[in-house]
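Dock chain P against the given chain Z, drawing on the hints supplied.
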Amino acid sequence: MVDETAPLPTRPLAPAGSPLAGLSLDALRGTAEAVLIPVGALVATAVVFGIFVALAGADPLETYELMYRGAFGTWFSWQNTLQRTAPLLLTALCVALPAQLGLVIIGGEGALVIGGMCSAAAGMAMMGAPPWLLLGVMALAGMAAGGAWIALAGALRQFRGVNETISSLLLAYIAIALMNHMVEGPLRDPASLNKPSTPPLGEANMIGSIPGLDVHWGLVFGLVACVASYVLMRRTTFGFGARMVGGNVRAARMAGLSVAKLGMITCFLAGAAAGLAGMVEVAAVHGSANGSLVAGYGYTGILIAFIARQNPLAVIPVALMFGGIAASGGLLQRRLDLPDATILVLQGIAFVMILASDTLYGRFRVFQPRG
Amino acid sequence: MEDLGWWGVALAVLAGAIRVSTPFLFVSLGELLTEKSGRINLGLEGTLVMGAMSAYAISYMTGSPWLGVLVAGLAGALFGVLHALICGLPRVNDIAVGIALMLLGTGLAFFLGKAFIQPQAPILPAIEFGWWSDLPQVRSALQINVLFILGVLLAPFLLWVLTNTKWGLIVRTVGDSADAARAMGYSVNLVRLAATASGGFLAGIGGSFLSLYYPGSWNEGLSSGQGLMAVALVIFARWQPIRCLGAALLFGGAGALGPALQSVGVTQGYYLFNAAPYLLTLVIMIATCSPTRTLTGAPGELSITK
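Chains Z and P are the protein sequences, given in the same order. Quick note on numbering: the first sequence equals residues 1 to 371 in the working numbering. Quick note on numbering: the second sequence equals residues 372 to 677 in the working numbering.
Hints may contain errors.
Claimed, not checked - If you want the footprint, here are the derived chain P segments under chain Z, 3+ residues with CB under 8 Å:
{"hint": "1", "stretch": "492–500"}
{"hint": "2", "stretch": "521–532"}
{"hint": "3", "stretch": "595–609"}
{"hint": "4", "stretch": "647–653"}
Stated by the list, open to error - Derived Cβ-Cβ restraints for the label pairs, each shown as a range:
{"hint": "5", "chain 1": "Z", "residue 1": "G30", "chain 2": "P", "residue 2": "S661", "range": "35 to 41 Å"}
{"hint": "6", "chain 1": "P", "residue 1": "P630", "chain 2": "Z", "residue 2": "G256", "range": "52 to 58 Å"}
{"hint": "7", "chain 1": "P", "residue 1": "S661", "chain 2": "Z", "residue 2": "G57", "range": "51 to 57 Å"}
{"hint": "8", "chain 1": "P", "residue 1": "W378", "chain 2": "Z", "residue 2": "R250", "range": "54 to 60 Å"}
{"hint": "9", "chain 1": "Z", "residue 1": "T359", "chain 2": "P", "residue 2": "T663", "range": "31 to 37 Å"}
{"hint": "10", "chain 1": "P", "residue 1": "S558", "chain 2": "Z", "residue 2": "G185", "range": "53 to 59 Å"}
{"hint": "11", "chain 1": "Z", "residue 1": "P131", "chain 2": "P", "residue 2": "M432", "range": "54 to 60 Å"}
What the hints contain is simulated information worked out from the structure, not anything from laboratory work. All C-beta atoms, glycine included, are put in the ideal place defined by N, C-alpha and C.
Chain P with its partners taken away, still in its complex shape:
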């Protein structure tokens, strides 16, 4: 390996942004879709871990990582349905239900995943985009997983669905004014069920990336809070799918900064760099929130910004 010095740091951050951002991207797009329907799902951390576990288990048992991705999505959708059904009952607090499902999802994943900690399952392939370069760092940075590409395409697609289709309009109506949606004859609970289940599906896929590509194995410390940060990421992105893509890349890069600096000898504050994404989110929320008006872009029915 050649020593690239500080260029290496920049390259590592870029590589990290590409490699680490995929779960952020899927989970935040899922959260965005759920929140657009006026409900917040704080339990996507549990969904993510559950997705990671089921993807790995299915890939190990059937030998097909793509089947694992699908099952992870279905498991996530199941959790979304559960969340939506409980929140659909009157007088139930959606924030608290999210925390409960986070606990249940992680618990179930650890319980069922105990048997899959040791064995090695087939993982997802990557496409080499770095063939033109002689530098091994560039080559490894440009090894891009298909899920990342799908996620990048998903962001504009979701934007298009939300702004240009009838389904998108219904979801946004339910999210901005449940009364208006009811008056138009839509079932608020049913629309939110669909949005939360689809959001859970995406979060489950985000989890499958963790266990089937990077870090690429199943263990109980696999997730570092990507599911929790999704909520913050969506606020950061102002409920806009394209900005979610940017935010996911930024958060991925921020997470890679600590190890990258360590590799050039800056070891001070390694753990503080771990806190960088959280601090960033908090600072942005402080800078943009106001006690007198709601956040611009926030769905009107959302409990956390009302």
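Next up, chain Z with everything else stripped away, as it sits in the complex:
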């Protein structure tokens, strides 16, 4: 074991003045620990899942090969993967942003659903406006609604002491019921018989594809949001304050930071990201708001944020991986006759392994700072 109370001197990797100044070997050790432990947990996941698949009567190697092909093997599967990655980037941010302040928000599904519903309502109200204006208003409505939904959980925590994990989960269920109510009643398109939906946006008003790709612009929104979140949290005073609250609330209060304000704004941004995901699902995938919005993206987002260790930039590769896993589900079902729940099992094992690996941090001498 390493003495954790010892001061952490840093040894510069390069002399002052050189381009590498400021980078230290100890910082590299920390990064290596933050990358290698999750990777190790994912390898352990692959072993356990392989045994599981073998018990179910499929060849593990063939399964992994098919998963790779279904996710990244062809141009078509890449596009399928990227299509699914887009909402995951945004719902993962809904968990990762509040986590900077030590808040565990798990109601991203609710913010996505309420954002999708409100953006569809805004689209109905703006019908006839030019597409760019219509989509702009839809995006704002979706982000405002999703943001308000999670900010409510944040506010209840700050002002009433209500646990944000439980309240955001309850709010997710309320959001789904509210969406069903609106889609079934006031916002329903009378022409949608079997599956109650809002009136279709129309082909001309949909978010198009990125030129040269068969992937909608939601992917770009997600990537920009991840980078912007990283910059906000690591390179601005606001982010420094937020992370200070996450490190030690009392110290942050002593330093004069407004804990409630930081918490509310961060929760709003987190919800806005998930709300935007809902808007993209409406305006780029389904064409209207309906029950398909409840697709579990919010819950997969929790898993992604935890694997990425709540780092907004690390969310990108992890979301890509889980987008790929989801995309390969169909192929596994067709070729190996494995049920679609196989993907859920894999996600569950991965989540358990990643959380259990949290205990390994600080246990390996090689990753610790040297004096």
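Just chain P now, kept in the frame of chain Z:
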């Protein structure tokens, strides 16, 4: 069927309270026991679904629904053990582990239960308490399952165990102050393991009610979040088993309100009534929580109220 009008609504809510509350009751008592030991298990939704699936599968394969109930409990206990073992490692967040096990439990249940969606398994018997009435509505409302009666008896029993026995005292000590328990020579992790496993056992039985009595078949949409709501229900009940019984009946009745109103022609807001239990919990939490003190009755070691 006679038309009972608005009396029918009241009767349907009562019937719903009796019929729907059993899974709520078992899961919340299980969650209560776990939380009394100072740890929260947010994964009981997965345990519940796993219990529902294994109970149905065993009942179908062996022809004995009671064996199914037992196996559901054992499967639940297994998940409880897994939860406790992972949470026993240092620096592992129990809330997140719960979410992970929720995902794993539902995934495993859907995976293994694929083959049991079609066939009809023998289900649990009910006792007719409505023989004295001529009204078919009253008769069907008073068809009471043995598991419900067991659950009703379990609540005071659990209260007695927690307040009057040595085991109850140990669980409460570990839940209120791990340091004190350690000083007295108890293994905190071992006590929590036992409490989480027993809690999982109860949640598994709650799941078996879903597939073996009401709705009475196995499919992937079987649970409507009873396992998740257990956490809220326990907070609502202030960590008191008898109040858990009341809360379970209330939540069951609230869930039956929507369909009951629909049957008398009130179709507006059907989906909003589905949200009634969640809204109720949220309102109660807002009304009773305070930023300056912990909830009364909450175990001192519990991460969600600290």
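A quick look at each hint next to the structure:
no. : hint                         : in the structure
1   : 492–500                      : violated (count 0)
2   : 521–532                      : violated (count 0)
3   : 595–609                      : holds (count 5)
4   : 647–653                      : holds (count 4)
5   : Z:G30 to P:S661: 35 to 41 Å  : 39 Å, holds
6   : P:P630 to Z:G256: 52 to 58 Å : 54 Å, holds
7   : P:S661 to Z:G57: 51 to 57 Å  : 55 Å, holds
8   : P:W378 to Z:R250: 54 to 60 Å : 58 Å, holds
9   : Z:T359 to P:T663: 31 to 37 Å : 33 Å, holds
10  : P:S558 to Z:G185: 53 to 59 Å : 56 Å, holds
11  : Z:P131 to P:M432: 54 to 60 Å : 57 Å, holds
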